[in-house]
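Trainee: Since each chain comes alone in its own frame, lean on the hints to assemble the complex.
Chains as they are written, first to last, in my numbering: chain A, 1 to 433; chain B, 434 to 582.
Think of the hints as simulated: they come from the structure by calculation, not from any bench. Cβ coordinates follow ideal geometry from the N, Cα and C atoms, glycine included. You can trust all of the hints, since none of them are fake.
Capping the alpha-carbon separation at 25 Å, the derived lysine to aspartate or glutamate pairs in DMTMM-like fashion look like this:
no., chain 1, residue 1, chain 2, residue 2
1, B, Lys546, A, Glu403
2, A, Lys170, A, Asp147
3, B, Lys439, A, Asp312
4, B, Lys546, A, Asp414
5, A, Lys170, A, Glu261
6, A, Lys239, A, Asp380
7, B, Lys439, A, Glu395
8, B, Lys439, A, Glu363
9, A, Lys170, A, Asp380
10, B, Lys439, A, Asp121
11, B, Lys581, A, Glu421
12, A, Lys221, A, Asp380
Which residues of chain A face chain B? A partial, calculated answer using Cβ under 8 Å:
no., residue
13, Arg314
14, Gly361
15, Glu363
16, Asp365
17, Thr373
18, Leu415
19, Asn426
20, Ile427
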Amino acid sequence: MSNARTIDPARRRLLIAGGSAVAATMLPGCGGRSSVLAGRNAPHVVVIGGGFAGATCAKYLRMWSPGTRVTLVERETAFVSCPLSNLVLGGSRDIASLTQRYDGLARHGVQRGTDSATAIDTAARTVRLARGDTLRYDRLVVAPGIDVAPEEVPGLATGMVDGRLLHAWKAGPQTVALRLQLEAMPDGGVFVMHIPRAPYRCPPGPYERACQVAWYFRQHKPRSKVLVLDANDDIVSKKGLFTAAWNTLTPGIVEYRGGQELLEVDAGRRAARLAFGEERADVLNVIPPQRAGAVAAMAGLITANNRWCGIDYRSFESIAAPSVHVIGDAILAAPQMPKSGHMANGHAKVCAHAIAALLEGREPDAEPVIGNTCYSFVTDTQAVHVASVHRYNAEKNTMLVVEGTFGVSPALNDLEGAYAEAWARNIWADTLG
Amino acid sequence: MTSGYKVPAMKTGQGALATVPFVILVAAVSGLAVVLTAPAALAGPARDPGAASDAPIAMDSRAASDGRAALDTQAELWAAGCAACHGTGGASTGGFAALAGRDAGELLALMLKQRAGQADSTIMHQHARGFSEAELARIAAVFAARPKP
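So that you can see chain B by itself, here it is in the shape it has in the complex (with noise of 0.2 Å):
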């Protein structure tokens, strides 16, 4: 099956919305630390050419355009794997390492020499293995933009 999924067809209504800005809403809802990325952290990282996978960064440019930001969600799914040992949103609660609001370069350099068998791991050289080298990129900026815990 490699059609697209199907989605069910949107309802549309009338109505005001508050006018709270969305993004404020979603922080002040949640309580928790929602990535505002900036868009130039979203900017690609160079393609790794023996990547199992690229697909193209999903971005929203009337998000862009208008000022508004924009999530690479699909980025945000694969940081929330390493949540599991992690912490959620990488606030680590102990014995694993926290990922929040670490630069990008340094978790991504980590990675990369994991992935390869040249730094110290028990696990993570294997879950690093998952993921191309611009995939990791994406990963590493989602935990950069989030705030030190």
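Chain A on its own, in the form it takes in the complex (with noise of 0.2 Å):
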């Protein structure tokens, strides 16, 4: 096995003879200038899914592999980040400035079409698209990101149909809408706040919006309160810094209560049902339990409770379908590693790298390393981490944290403040610049 990068007699002839023999048809809205060796007959790579995941292991194969075409097909004209978006509940952000076009991709030759899956046939390699293409693909990269599963809380599905209830777990209208019903809501009102079971997307996010919610309502409806009701039997994620921030940031807004399932919603009059008793709200949110996107199981992908895509972490190839890899937040993650942007940015890379060495016959890294840090507002400034570092370890077959890596902040700051919004611009720029 070599892991060095060179062209050599094998890989010229995979570059003439591609993997494919039909090229990919083009997609309207494609700014990609092809490349010399990205021609026709180039092998050819497919990414549903343009979030952290899906646009950074396009952007990061046509880098690694630049014989090789890559198609980008995602729905949405625009990224919006979900990091940073509880910011726009605190009301120090607007989604704008969450708001990026995709314009950056097409520098590194991926071809970008607006649209989306409607059929995945693993068995020809093809992907079918709503406007009414088809794609033949040599690797196929799965970055569906979440589904939220309503229907698994009775009356929350009927709740979010009309726009009363909101999620906003996915950064775009919702979370704009949220605010709007946060800015409508009487001083002394109070926002309820539910959070499924994990895993979930972005294991900090919840506690991270009650602050946010509460350093708005401190400043501007300083009589209201956050309620917060957790499936989970504690705070997930960097408990002692959100417990510091709730006490010490905007003392006696935030109430916290764990172990509370949610047995059923009531949108109309704005309450939950918990094993013991109601709790009525005047603006309610409820984070519903999740799954990986629907293009997962569309190709058969799902193998873990119904919910997560299991793959192999040294390629991030599905162990369901060969040649299809998952990455992003519907992959099942080991223990630790958390459903986030910068995860998924690393799985990405971990994923594009593998595939160029494939595609040249050689194996992919047999040890892929991944960080992740997750920064969490709890002022419109302050800001505390989570940080660890996961090793793919052969003998258990899975990631592992290396010893020494997790931490946190030690205590609430303004310097990761600073810090977390220049990891917003750079982590952006890294996906799609």
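Mentor: Here you go:
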């Protein structure tokens, strides 16, 4: 096995023969500059999903395997960052500041279609798109993020249909709408948030949201309360830091209760029924249970708990379908691997690196390493982090936290507020630029 | 599962490839800072006996002997992890230090200090502990070989 990348006779043959007899259909809106090497006969990788995982993977594939054609299929015309989106609820950011176009990927030769997959045939290696095209692939990367599963809580799905109940767990219009509900709420009202059982996207996110809503209340509606109802027995992430924030920055505003299974939601009365009674809200925010995005099920990639996609961590290749890779929040993650944007960006690089190797007939890296950093804003300027490094262990066939790497901030601080902003700008550029 | 990864059979074909040297094409096509690492930069640093992992540095001897550039692609993947905060290729957009084109010895010394808890750090002491000294040296070499932004 060689990790060196050079052109050799085998690669020359591959570049010429390509993996696919059929070149990808050009998609509407494709801005990609086609390269000399990535011609009609080049291997073709299709990436479905343009979030932190998919966009990063498409970009790095073109950097590391310039002889490969890469097509990114994303239904939205712009990327909206979930990280920092709780600041929209707190009032210190607007959604436009979290929104970016996909144009930067064209500079890397990524072909992009604003489209969505409607059928995937992993035997024939084809992806059918809503606009009618069919793409053939040599390798498929599925990066669908999460789908919410409101049908798992009685009353939740019907409440979400007409927009009375918002989850705002995918940054975008719901984030803005939830902010408007908070603005319309009278002082003295109660914001009730329910957190589903882990694993869900962004473990510290709900507690950061509680901080942001409390920060807004403290400044503008000081008689109002935040009630956090958590299906988990205790705070899942950065417990000491969030508790310190609630006690010292917004004293008396946030009440936290663990072990609160949500039995039913009544959207009309804005009521959450729990094992021990009912809580009524002025603004009710239920973060629904989650599973891999629908594309994963469409391709038959869900292998765990009817929710997540099992993969080989050396390449993120699905254990259910050959030549299909899954990255980002949709995977069945090893213990202590959070569903985060930073992790998704890291999955994408391991996956792109492995695909570049596999297309050249080489083995993927035998021991990939993925780092994580998650910042949470506790006010408009102060932030805290959790970080860790995860390394593949062949014997256990899983990713393990490297000893000494897991840790959180020692205290609430302004310095990391600045770092959190810088982190966002850099990872957006690394993902999309 | 400790056996090697199942690598699909190579497809073969005939035909002529453009005669432009590959590495040049890579640079031209991607429009990016592609590391053309000098062989000297890949000479392995001293082994760290306490290292968690020290896979041999993969080099293609054919590449070295015929003068074409080889890449330490494993270290390139590790270095790509740094890019989430420090920018693609170490070309930070601000806030975090740019790493591209920095002296390898300086970068390694700083990371070793952070790893030991002897330098100011908010998160770098945690990230640096994810790698052995030898691995950090290879990551530093990747950034040192890139052009300054």
